[in-house]
Structures are given as structure tokens and as C-alpha cells.
Amino acid sequence: MKKYNAVFACLLLVLFTNSAAASSSLEEYFYASGKIKVVITVAAIVLIGLFVYLQRLDSRLKKLEKNKIEK
Amino acid sequence: MKLWLKILCAVLLFYALLSSFYHPLAPGGLTVDIEKLVPGANTFVYSGYNTHFKDHSNDGLQFFVSSGSHYYPTEIIEVIDNNHAKVNVVLPDTLPSEEIAFYANTPTDGTVYIMKPMDISAFVFHQNYTNGSVPVKVANDQHQNFGYPFQVIIFESIRNLMWHVPMWFTMFVIMFISFIQSIHVLSATGRENMLDSSMIYVQSGIHDRKASASAETGLIFCILGLITGSIWARFTWGAWWTNDPQLNGAMVVFLMYVAYFILRNSVNDEEKRARLAAIFNIFAFVLLVVLLMVMPRFAEGLHPGKSGNPAFSSYDLDSSLRMVFYPAVFGFILLGYWIYNLRLRIKILESNEEI
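Heads up: the protein sequence lines correspond to chains A and B, in order.
Mapping of the first sequence onto the numbering used here: residues 4 to 74, in sequence order.
Mapping of the second sequence onto the numbering used here: residues 149 to 503, in sequence order.
Just so you know, the hints here were simulated from the structure itself, not pulled from any lab data.
Careful: at least some of the hints might be erroneous.
Residues from chain A shown here face chain B by an in silico Cβ test under 8 Å; the list is partial [what the hints assert, rightly or not]:
no. : residue
1   : 33
2   : 37
3   : 39
4   : 44
5   : 45
6   : 46
7   : 52
8   : 56
9   : 63
10  : 70
Quick caveat: nothing in here was measured; it's all calculated off a predicted structure.
We put the beta carbon where it would ideally sit given N, CA and C, even for glycine.
Produce the complete structure using the sequences and hints provided.
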């Protein structure tokens, strides 16, 4: 779990440093070219979220496999 | 899960991904750079979005200023590019209606219009006074190819329809599986006296694992729906969180399912845990239906389809949007079911390990 916490912390840090710099520049960034960047962010979050969950399932499975080999 | 279902899932998701970025946004009117209208000559720059002013500068490009259902012709001074044109309109000092709109007509885009709050104090309004107006055939929604409907605040972010909304549809379906499995848990333990008790334990145990695996998968989609919705809200409604009934309902549902897992983890006896969690889950699903499907329809809110805000289906008459939206929803539901299936099998393997 520890490595995921690090990833989340990095993501949050990026988000907060962006928004802390200037809220208006964040808006400018996302409002540019017809708000298409909102869609890209949303699509990225959906894919990253599913990826992280699948990765967690994968690591659970790996643990089971390891136990089986040890037995 | 059958292989053809997995392939169907992949195809549908690919189609959803493609259609969410590939199809153009329908043309629309953006703004006019004028704050005050006066009787006589008014010159302004008309800004459109995805329009084709330049392409039709010699055939069929027209601009009108309307007052109610009456139209005043304009003179095109300069077509700057496809989305900008400088026009001049001469208005009389008496107009029939205070509802002023700015229309642009091209053969490709059909008619687009802008309604902008404006200082119109220089005019006198009289219902029957229609001097200077011309008859115009307004051709709404003339664009031929499928495009996302143009909405002034939403713009391109309408494409989120393919990402944000399927999350909630998937959550409903997966949570419904969880609900059904919870009922099975209770009915299996209810037959305790009639059958061999070890048999019962196995039955209610597998239903309990199905219920918790599906609730976990549903919770993932709920979290994704909350985060994506929050980002969309920030850049259309202006805040990360608004007091919309659907948002608050979704948050309550999220907390409820978190509580479901806290409840599960706090009971050690497996049989007792199965029954307690099943009862909680049944109530949680009923509340989910009430909070997300019933309540928002009776309250004021910002989501489409609620309290005077039209749902997306009212923008496209030939329902071409449905033809890409429902495959996207179905693709995500299949993906959710697949993930649930994997989670369940891991759960069963883990429980075998413990014995």
C-alpha cells in the first residue's frame, strides 16, 4: 500500500501546487479550446482509477500464488 | 464470464472512447462584443464556435438581430475568419420585444444564435411596432452529421457524457447484483432448520462473498463518478462541490457503502457478519434508489433532467446521441461485471486458503 500512498501524494501535490499558484491560471488552462481539457482529465481519471484497482487485484493474486508455491 | 462478452466489452469501450473524442461539437453562437444597443447603426463582431462564416462568405451567410419573433437584417462589413465576422445593424427606435437575440445563418451550420444580457434602455418597446423587420426562415439544427449538442457553458466538456455518466449506470447495476446476493444470503440462512447446517453455511457464504465483492466493485465506480463529476462541476458550474441534490445523494450513498465495509470488518463471526451485512446492504440499496433516482426529481438542482433543466435527449431529435451513449454505458457495465468476477474469484481463493 505504501507505494500507492506515494503516488497519491505526488498527484495531490501536483494538483495543489497548480491551484495554489493561481486559481485563474488553472481556469484559463481548463477553459482553453472549448474545455476539451476537462474531458481529457476526466478520461484519464477513469482509466487511472480502474488501472490502480486492477493493480491491487493483481497484487492480491500474486500473494495467493506465492502462498501456494510455498506450500 | 464468456469470452464473447469480454470481446464485446472491449469493442464497446473502444467505440465509446473513439466517439467521445472523434465526433465534432455542433456549431453554436459564442458572443457578440457589444454591451449597449442603440437606435440607428450598431457595429459588432459576431463570434461563433465551429461555424463556417468564411466558407460561406459569398453564398448564404446572413446575420440577423431579432426582437421577439421579428428580425432585422444586417450588413456584413468583414468576414474575419470562419468564427468571426464584423457586422452592422440599423435598428429602429421602437422594437416589438425586449428579447434580443443575434442570429447567424450559413448553409452548413444552419442557424445559430446568441442571447446576451445587454443594455437596451435606449429603445421604446411596443408589441405591435414591427417597422424595419424582415421575414426570416430560421433553420434550427440543420447540421447533417452527428455532433454533440452545443451548450454555451458546457462546450466540449459535453463529451464527459461518455465517461462520467456510465460510471453511475455501472454502479447501479453492480450494486443491484450486491442487493440480490444479500437477499440470497438472508433466504439461505432462513432455511437453517430445514437443511443440513454445513450446507447452509457454504451457500450463504458464497452469496455473502458475491455481495461484498460486487459492493466493492460498485464502490470503485462510485468513487470514480464522484471525482469525475467534481472536476466537471468545477469547470462548468464553478465549484468543486455544489448543493445539488444528486451530488449530496451520491455522497451519502458513498458513505453508506463505506460504512458497509466498516461493519463487515468489525464482526469476526463469519455467519453473523454475512447476515448483518446483508441486512445493511438491502437498506443501503433501497436508499441508493431513493437518493439517486427518486429524490433529485423532486428537488431543485443543476443536473440535466431536473427542475426545468432538460436532459440530453431533448437536444437531438434523431437520437443519434443515444446511439453512442448507450453502447458506452453497456461497455462500462460489462467491464464492471468483469472486474467483479475477478474480485469474487480472488475472494473465494483467499477463503480456501484460510481453511
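Verification of the hints:
| no. | hint | in the structure |
| --- | --- | --- |
| 1 | 33 | holds, 5 Å |
| 2 | 37 | holds, 4 Å |
| 3 | 39 | holds, 4 Å |
| 4 | 44 | holds, 6 Å |
| 5 | 45 | holds, 4 Å |
| 6 | 46 | holds, 5 Å |
| 7 | 52 | holds, 5 Å |
| 8 | 56 | holds, 5 Å |
| 9 | 63 | holds, 5 Å |
| 10 | 70 | holds, 6 Å |
Every hint from the earlier list agrees with this structure, and none is contradicted.
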